[in-house]
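Student: One letter stands for each residue in the lines below.
Number of protein chains: 2
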Amino acid sequence: MFDARPIGIFDSGVGGLTVLEALTQRFPHEGFIYLGDTARVPYGTKSARTVERYSVQVADCLLRRGVKGLVVACNTASALGLAALRAHCPVPVLGVIEPGCRAAIGVTAAREEPGRVGVIGTRSTVSSGAYPYHLAMLDPRIQVLSLACPLFVPLVEEGWVDHPAVRMIVEESLTPLFAQRLDALILGCTHYPVLKKVIAETMPGVALVDSSAAVADDLGRYLGGVIRTAPPGQTRRLEFLVTDVADRFKETARRFIAGVEAEWVEMVDL
Amino acid sequence: MFDARPIGIFDSGVGGLTVLEALTQRFPHEGFIYLGDTARVPYGTKSARTVERYSVQVADCLLRRGVKGLVVACNTASALGLAALRAHCPVPVLGVIEPGCRAAIGVTAAREEPGRVGVIGTRSTVSSGAYPYHLAMLDPRIQVLSLACPLFVPLVEEGWVDHPAVRMIVEESLTPLFAQRLDALILGCTHYPVLKKVIAETMPGVALVDSSAAVADDLGRYLGGVIRTAPPGQTRRLEFLVTDVADRFKETARRFIAGVEAEWVEMVDL
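Chains A and B are the protein sequences, given in the same order.
Just so you know, the first sequence maps onto residues 2 to 271 in the working numbering.
Just so you know, the second sequence maps onto residues 2 to 271 in the working numbering.
None of these hints come from the bench; they were simulated from the model.
Some hints here could point you the wrong way.
Partial list, computed: chain B residues near chain A (C-beta under 10 Å) [what the hints assert, rightly or not]:
id, residue
1, 152
2, 167
3, 251
None of these values were measured; they are calculated from a predicted model.
Every residue gets a Cβ at the ideal spot worked out from N, C-alpha and C, and that includes glycine.
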């Protein structure tokens with residue numbers, strides 16, 4: 002009744018490692034294969050058609066390696082590619098949008114007035130409308146304000162996290178949300194939690210929703226059900242695949258995750 | 002003795018339009034097909050192997066459309082892919098590195114002491130060593146200081162050009178060059194001329210070298226020689242190809258070029 006096969010997790014680059022860290026902490030016996038499509042990062046500026054095509058190629062690579070389920074850690078790929086991936090893959094596919102929306106609804110549920118939720122993400126994630134759609138499914142009264150913050154990803158990728166220029170860019174980017182009396186702000190991109198401190202100081206009194214914990218909850222619901230758990234006591238197996246420049250992946254990975262060492266990184270062609 | 006076929010020009014995205022503008026002004030009767038690999042931009046963070054592979058795919062697409070010569074406007078593709086492209090293509094291939102180096106040498110030639118030239122570019126361009134190599138070929142005494150400025154491309158792509166945060170990022174990025182008494186600074190990326198004003202104010206007394214004019218000189222040397230000129234009086238033909246999101250290409254193109262309207266943009270699969 003157990004399944005020793007690993008779970009696939011994919012992102013356009015390194016950002017999804019924040020999700021991987023949450024999953025490895027919650028499920029210490031499960032194996033994971035992480036694939037970062039570093040040759041084609043970023044996804045957040047690409048069209049739906051291109052993101053869909055790239056996502057399916059990544060999924061095929063992970064399926065060939067025998068994964069028993071797939072976690073789409075990238076918000077853009079979840080927003081634009083999830084339907085295609087679910088149609089394509091013979092294993093369960095989890096995205097990050099729905100869990101993030103559930104976590105945001107959890108914040109607003111106690112309010113008497115309709116909740117007010119902000120969503121920040123890449124240009125492609127925001128223009129997909131995936132967050133407003135899923136939030137409305139969970140609570141039709143909810144007010145949603147979406148905002149693309151396209152500079153946050155390059156700032157994080159380049160390690161500009163606590164610099165006065167970053168503070169200025171974050172403040173100016175979030176200005177449209179200041180007067181909106183938000184209850185919660187969804188960090189709708191795996192890179193944004195790295196800027197959490199600056200964002201929190203810029204948006205005082207607003208609950209920040211980082212979906213990685215919510216994704217772990219979701220995977221918990223699948224495991225033991227449609228995805229069988231690993232044999233108890235199985236020694237964890239972690240593999241890292243990238244599509245370009247393995248060295249830089251390791252370096253950037255260090256900025257993202259404390260608990261996972263990406264020592265062995267394999268380069269693959271999709 | 003004439004050749005009505007167009008000249009191909011390629012870049013990872015929109016940056017090469019600064020080069021296209023210089024070429025269309027200098028050669029009003031030549032036709033050009035511009036290809037921006039917008040699905041896979043940026044090239045500047047990718048490995049030599051990947052940039053080479055992508056460059057050859059782009060060249061094949063332009064060759065299928067019958068170009069009589071190829072201008073590699075992208076500095077990263079010129080730095081990492083030029084040898085492969087010249088081996089692969091049956092038509093003459095021009096890059097931007099050598100012309101830029103010649104222009105910089107022109108600035109330093111009058112000095113009695115060995116010239117001191119700075120080069121800023123993407124991480125991949127800088128780590129390729131292509132600029133120091135070509136500068137040393139032209140003047141073995143020259144002192145070269147190279148510096149990667151990886152945030153400049155996303156700032157320009159997102160239209161952050163004249164903001165105080167941009168000034169802070171430019172100043173902090175260029176700090177290692179301040180004490181170097183440079184004669185010239187090569188803007189070794191097609192995006193950087195857009196930040197010329199801020200860079201000039203940050204590096205007073207240093208001649209900024211923008212290679213687009215130098216590339217036009219180079220093409221002038223080829224035309225009439227290994228590349229035949231267009232029939233006199235030929236009406237200019239301009240075509241634009243992109244690999245993703247044609248609409249955004251048009252919008253960003255407006256920020257780059259005054260003289261060329263990218264009204265018709267075709268999307269291609271490589």
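Student: Each of the hints needs a verdict: does it hold here or not?
Tutor: Do the hints match the structure? See the list:
1. 152: The hint holds - residue 152(B) has a Cβ within 10 Å of chain A, the shortest such distance being about 5 Å.
2. 167: Cβ of residue 167(B) sits 8 Å from chain A, so the hint holds.
3. 251: Status violated, d = 14 Å.
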